[in-house]
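**Student:** As a plain string of letters, each chain reads:
Number of protein chains: 2
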Amino acid sequence: RLKTKLQLYMSNEKQCWFASSRFVEPMPLKLSPVALGSSFLPNSSLQFGAGARKLHAEGNGPKSSPAAAPDRLPFSRVTQEDLAFFKKILPGRTITDPDLLESSNVDWLKSVKGSSEVMLRPQTTEDVSQILSYCNSRNLAVNPQGGNTGLTGGSVPVYDEIILSTALMNKILAFDSISGILTCQAGCVLENLSLYLEKRDHIMPLDLGAKGSCQIGGNVATNAGGLRLLRYGSLHGTVLGLEVVLADGRVLDCLTTLRKDNTGYDLKQLFIGSEGTLGVITAVSILCPRRPTSVNVVFLGCETFEQLLKTFQLCRGMLGEILSAFEFLDSECMRLLNTHLRLPNPISDCPFYVVIETSGSDPSHDGEKLHNFLEEAMACSLVNDGTVATEETKIKALWSMRERVTEALTHDGFTYKYDISLPVERIYQLVTDMRERLGDRAKSVVGYGHIGDGNLHLNITSPAKDPALLAAIEPFVYEWTASCQGSISAEHGLGLKKRNYIYYSKNPQTVALMGNIKAMLDPKGILNPYKTLPDNLK
Amino acid sequence: RLKTKLQLYMSNEKQCWFASSRFVEPMPLKLSPVALGSSFLPNSSLQFGAGARKLHAEGNGPKSSPAAAPDRLPFSRVTQEDLAFFKKILPGRTITDPDLLESSNVDWLKSVKGSSEVMLRPQTTEDVSQILSYCNSRNLAVNPQGGNTGLTGGSVPVYDEIILSTALMNKILAFDSISGILTCQAGCVLENLSLYLEKRDHIMPLDLGAKGSCQIGGNVATNAGGLRLLRYGSLHGTVLGLEVVLADGRVLDCLTTLRKDNTGYDLKQLFIGSEGTLGVITAVSILCPRRPTSVNVVFLGCETFEQLLKTFQLCRGMLGEILSAFEFLDSECMRLLNTHLRLPNPISDCPFYVVIETSGSDPSHDGEKLHNFLEEAMACSLVNDGTVATEETKIKALWSMRERVTEALTHDGFTYKYDISLPVERIYQLVTDMRERLGDRAKSVVGYGHIGDGNLHLNITSPAKDPALLAAIEPFVYEWTASCQGSISAEHGLGLKKRNYIYYSKNPQTVALMGNIKAMLDPKGILNPYKTLPDNLK
Chain A
1 RLKTKLQLYM
11 SNEKQCWFAS
21 SRFVEPMPLK
31 LSPVALGSSF
41 LPNSSLQFGA
51 GARKLHAEGN
61 GPKSSPAAAP
71 DRLPFSRVTQ
81 EDLAFFKKIL
91 PGRTITDPDL
101 LESSNVDWLK
111 SVKGSSEVML
121 RPQTTEDVSQ
131 ILSYCNSRNL
141 AVNPQGGNTG
151 LTGGSVPVYD
161 EIILSTALMN
171 KILAFDSISG
181 ILTCQAGCVL
191 ENLSLYLEKR
201 DHIMPLDLGA
211 KGSCQIGGNV
221 ATNAGGLRLL
231 RYGSLHGTVL
241 GLEVVLADGR
251 VLDCLTTLRK
261 DNTGYDLKQL
271 FIGSEGTLGV
281 ITAVSILCPR
291 RPTSVNVVFL
301 GCETFEQLLK
311 TFQLCRGMLG
321 EILSAFEFLD
331 SECMRLLNTH
341 LRLPNPISDC
351 PFYVVIETSG
361 SDPSHDGEKL
371 HNFLEEAMAC
381 SLVNDGTVAT
391 EETKIKALWS
401 MRERVTEALT
411 HDGFTYKYDI
421 SLPVERIYQL
431 VTDMRERLGD
441 RAKSVVGYGH
451 IGDGNLHLNI
461 TSPAKDPALL
471 AAIEPFVYEW
481 TASCQGSISA
491 EHGLGLKKRN
501 YIYYSKNPQT
511 VALMGNIKAM
521 LDPKGILNPY
531 KTLPDNLK
Chain B
1 RLKTKLQLYM
11 SNEKQCWFAS
21 SRFVEPMPLK
31 LSPVALGSSF
41 LPNSSLQFGA
51 GARKLHAEGN
61 GPKSSPAAAP
71 DRLPFSRVTQ
81 EDLAFFKKIL
91 PGRTITDPDL
101 LESSNVDWLK
111 SVKGSSEVML
121 RPQTTEDVSQ
131 ILSYCNSRNL
141 AVNPQGGNTG
151 LTGGSVPVYD
161 EIILSTALMN
171 KILAFDSISG
181 ILTCQAGCVL
191 ENLSLYLEKR
201 DHIMPLDLGA
211 KGSCQIGGNV
221 ATNAGGLRLL
231 RYGSLHGTVL
241 GLEVVLADGR
251 VLDCLTTLRK
261 DNTGYDLKQL
271 FIGSEGTLGV
281 ITAVSILCPR
291 RPTSVNVVFL
301 GCETFEQLLK
311 TFQLCRGMLG
321 EILSAFEFLD
331 SECMRLLNTH
341 LRLPNPISDC
351 PFYVVIETSG
361 SDPSHDGEKL
371 HNFLEEAMAC
381 SLVNDGTVAT
391 EETKIKALWS
401 MRERVTEALT
411 HDGFTYKYDI
421 SLPVERIYQL
431 VTDMRERLGD
441 RAKSVVGYGH
451 IGDGNLHLNI
461 TSPAKDPALL
471 AAIEPFVYEW
481 TASCQGSISA
491 EHGLGLKKRN
501 YIYYSKNPQT
511 VALMGNIKAM
521 LDPKGILNPY
531 KTLPDNLK
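So the protein sequences, as listed, match chains A and B.
Using full-length UniProt numbering, read the first sequence as starting at 1 and increasing by one per residue.
Using full-length UniProt numbering, read the second sequence as starting at 1 and increasing by one per residue.
Chain A extracted, bound-state conformation:
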């Protein structure tokens, strides 16, 4: 029975795509804390700031876990004189209203909560330069913040750091349709850039679930990976230029719009993935691919992970240059999508699901390649069931099965999130091993992610925060990853929560050199303190 749908699809005319109509309308995924309601899991977050200081004093605060913040560093505290200065240079854009500050003090997962009392909203690079110059001279710590969609606590203050929001730096500066190079301010929301480019026959080289909230500056600062990396590569390759304000207010202008420039060291690379700890990115130029004229999405079910891997190999060979994504989720993810978001399974139940996307310039060629691939996948019994979409609404609906897993998890309970790079053939073993290890202690143990990039998202939930469960997960998960020479943070970064685990993926020599670079660029350490680098450094 299971093969019927695919066979039905394949017996149709090449152009007449079979697409399931069983989907609910895709909901826009808004990743701001406000959208999820502030009552979500308030008791399970790491508490710092005023409350945390009390905990510290009692000796049982965040220090007990390597993920927790160290004591507040001896930065100055914001005075009335400081506020007067900020209000003078940023009239109407110096926010001190606690209600307005609340959503910027807590991350999207509600797992980290700071106690900042001031948020600055610069509009220009000059504004940012003035702010940092002042803060550096006054020894005031600064938390640069984009869309605040990060998952490792890197985007919110830990104590009373001044929040420097790039939200008002949202101007598109230039787009060259011949070269496909876009230049814009750091605060542009990814989805807005995508919409702007679509009208101009191009697309952004990156796409991620948080696109409706995340900002390009934050994407670059965290070296966001996402759904198109398989095809268009990492931001280290697609970002052509950056403008960065250094800790002391100096503006580092590397905002070139050239595909090639070998005049000295490529300094902008340092800031890609540095999570705002080395400088504040104020503008970005990025190489954008042509908009594909033909996009297809296939949702397939596999019986085993081995079959899924074989499907991937077949796919790489037969879809070749039109393959733009190869994502997976397991049956546990499907259960959460069904239960918490009422998203029905578009195909029959299988242990593993695959989302394959093709993007190309010729619908009939792409259709033929896809047809041949599916025929071969069925002939080899690699897939059990599947459905194909070529129309935009259906494509979005199929994609939401993959993109909304993160959201479904937030409804399942307190979530322990791991974002792991592994050799692709080892990816699912970690989920299986973890499931076996935790048994009934965990509510759900789910695996999904980017097969094409060797990137697993392992998520474990429990009804509430559970130190015993955490102790069963960590450091096991990191040791397991290190034993395969994997990365303990493939694309989420280290932020606050993972910073002390860096040694599982980087040797001390390398981490020490990172410390030297931090000391060189931000000698007072005012930029996003307590993030990225481990506490025991120097």
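Keep in mind the hints are simulated off the structure, nothing from the lab.
Hints are supplied without guarantee of correctness; some may be wrong.
[Unchecked claim] Among the chain B residues that face chain A by a calculated CB cut under 8 Å, a handful are:
#1 S179
#2 T263
#3 Q269
#4 K369
[As the list claims (entries may be wrong)] Quick list of simulated restraints, FRET-style, between CB atoms:
#5 B/E126 - A/T124: 44 to 54 Å
#6 A/L537 - B/L537: 27 to 37 Å
#7 B/M520 - A/I178: 31 to 41 Å
#8 B/E474 - A/P91: 41 to 51 Å
#9 B/P508 - A/L73: 24 to 34 Å
#10 B/N372 - A/K396: 27 to 37 Å
#11 A/S483 - B/H411: 49 to 59 Å
#12 B/K396 - A/Q509: 37 to 47 Å
#13 B/S331 - A/E368: 37 to 47 Å
[Claimed, not checked] With the C-beta cut set under 10 Å, the calculated list includes, among others, these residues of chain A facing chain B:
#14 L267
#15 L278
#16 D362
#17 K506
#18 M514
#19 L533
All figures in this text were calculated on a predicted structure; none of them were measured in a lab.
We put the CB at the ideal spot given by N, CA and C, even for glycine.
Position chain B against the provided structure of chain A, taking the given hints into account.
**Tutor:** Using the frame of chain A, we list chain B on its own:
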């Protein structure tokens, strides 16, 4: 008449490619100085070392030009004790024979000549570590050398720097055919890696004319661009890991083989394009694309540069994901190929020639896309003539029209070479302006390069070195480039010859930060001195 060939091709069956048979067999391009004979243009090279010191003393030496080397820095000179140490750790691999050293003391263009008296040939990372640790403690300068195919004098000693050759570090360490990730020592020759991968159904993500001699370590150290950048992106995206020995002998192990790893700063990026001035790259891991099953090359002629640009735009739209190169040469390049290398023009004479390559996974789809594109290009009168190749020998022959321009130039006289990035629509204006400006003073003024990357190779020849001609070219060419926010070195790097022109493409703030990084990683400045960074820095 001119359209006949294309029409003939297009009237054939889709699979039955028309391909000209007018080519001579392609000659392997060997880029070692020895291969070209050491008598080539000996009088026109910059002379340093013993001879140069004499010139310095007379006050009219290399210091007169910003391209020339500054005085020798106060490094130690190699003693008998030093040689004894090297011979002990590198028995049989410590070269002091002047005949053997000669070809490593001079660059391929014969434009820079050092006077090193010792070349070390390590086989392992540990060898390199011991060498640098020793040299750093003894204050001995070191010139890391790969295939010595660089064009800006970065790959040879300027005075008596010890040559550290990576030629014997030529082991392939691992290849994972599932992920396409290759790990190898730095001294592997690019062409050997390509051959190795071809047998395993993959290709290197970069290709360049010097492939028969250049080494992957040198490619990475100079951030080589080449012929596939349009499709597969820069080395900043495709290099996944590096092992680097720092100036003091410490081994920095960033040799991961993961597509994604966001655990701290991406330090390896610093060394990509740093021309051996920050560390010696000893091993590389790199992401390799699948070998395309269908490759076609088209050689077209255009009447104007505007038509050439329109052809490029049409090509991007209609060939889409299978476009893998869009290169150009002008009629002056063709004249040099005819005259000096006896390569006949495969089509009728035109002012501009284009080499378009497609790489895909389905010969019939690719053929159809190409067919449609050529039909449209003819219908719009964008091209005057053309020929198509799908068979390997013919493909190589067509490619050699583009790849061997550099070689043809060396036979035309003393060559002034410029490697410029510009907005694509401005690219040829610089050639036209230069031709007009120089008039009869230049023997040839030719333009060729990578249209798809906005990268022009502007070359000017004269019968012999001509200071008056040089004064007419520079700084005009740099000022012209800077006025368009271009790069004065798109892919060749700065090396010795362009280091002092860095400010035309980078602001002082940025260059100063480069200096800080150099000082941090190589405080004694022993690594490839006189290269990349300008003389007036600190």
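**Student:** Would you mind marking each hint as holding or not holding in the structure?
**Tutor:** We went through each hint and held it up to the structure:
no.	hint	in the structure
1	S179	holds (6 Å)
2	T263	holds (4 Å)
3	Q269	holds (4 Å)
4	K369	holds (6 Å)
5	B/E126 - A/T124: 44 to 54 Å	holds (52 Å)
6	A/L537 - B/L537: 27 to 37 Å	holds (29 Å)
7	B/M520 - A/I178: 31 to 41 Å	holds (39 Å)
8	B/E474 - A/P91: 41 to 51 Å	holds (49 Å)
9	B/P508 - A/L73: 24 to 34 Å	holds (32 Å)
10	B/N372 - A/K396: 27 to 37 Å	holds (30 Å)
11	A/S483 - B/H411: 49 to 59 Å	holds (57 Å)
12	B/K396 - A/Q509: 37 to 47 Å	holds (44 Å)
13	B/S331 - A/E368: 37 to 47 Å	holds (41 Å)
14	L267	holds (6 Å)
15	L278	holds (7 Å)
16	D362	holds (6 Å)
17	K506	holds (5 Å)
18	M514	holds (5 Å)
19	L533	holds (7 Å)
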